[in-house]
Each structure stands twice: as C-alpha cells, then as structure tokens.
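> Between the sequences and the hints, there should be enough to build the whole structure, so can you do that?
The sequence shown begins at 1 in the working numbering and counts up by one.
No lab work stands behind these hints: they were computed from the structure. Accuracy of the hints is not assured; some may be wrong.
[Claimed, not checked] Below, computed lysine-lysine pairings styled on DSS-like, alpha-carbon distance capped at 27 Å:
id	residue 1	residue 2
1	LYS33	LYS23
2	LYS39	LYS23
3	LYS33	LYS46
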Amino acid sequence: MNLGMPEMIFIFLLALVVVGPRKLPELGRQLGKFLAEFKRASNDFKNQLEAEMLNIELEERAKKNQEGAKVLPPEEPWERLMKPLSETVSRTKQELVSIMRTEPDPAKPTPAPVPAEEPSPSAKSADNS
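Below is the structure:
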C-alpha cells in the first residue's frame, strides 16, 4: 500500500470528523498498540519457524554422520611416521631387484669382444713419418 501525504491528510480528516477530536488520540494509541502486538507476534512466529528448521537440519546432519561414520583402530604416531619410510624402502628394494634381474648373469660366459684390426705396417710407417 503506497500512501502519499495527500492521502494521509484525507484519512486523518475523515477520522477526525467520524470519531471526533476527543476520541481520536485514544483511537490512535489503540491502533499503535495493535500494530506493535501484531509485529511482535509475527516476529515470534518467524523465529519459531527458523528454530524448527534449524533443528530439523541438525538432526539430518547427525543421521548422515552416524550412517557414514566408520570406526578405525587408533593409529600410533610412530606408525604414521614410519609408513612413508617403509614404502620408500620397499619400492627401492623392488627397483634394485628388477635392475639385478635385467643385468647379465656373471655365471654365464659373455662373448669375447672382437679385437679391432691392427693397422698394416705401411700405415704405421706413414704415421711415424
């Protein structure tokens, strides 16, 4: 409701004529009390609804947490520190084993390297001169 100043003056004058100048202040006080009480009741209702919605939301979260909660055995701090070290050691050990498997076995004879051809005597004499 959008009431401007001219409309408010008209309503005031109409109330003054209908009710009279003696009862108008009393009517104004009663109207003010009624509006204040109405506002207070609506705020209480709004706060009650918000509190109920919050309770419902918290109950849903609690149910979700209970359903998804898993109990794990307590972990010792030293286990937490040693786990990365033991993983690194085992990984390094596996790498060394795989390298050792790819190297030739010393028990098996390896073919002898082919000797490079020696330069001919004429080539040697050309180098010396």
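> Each hint: holds or not?
Here is what the structure says about each hint:
1. Distance restraint check for LYS33 and LYS23: the Cα-Cα separation of roughly 16 Å lies within the 27 Å cut-off, and the hinted pair is therefore satisfied.
2. A C-alpha spacing of about 24 Å is found between LYS39 and LYS23, which places the hinted pair at or below 27 Å, so the restraint holds.
3. Between the alpha carbons of LYS33 and LYS46 the distance comes to roughly 20 Å, so the proposed pair stays at or under 27 Å and holds.
Hint compliance for this structure: every hint is met.
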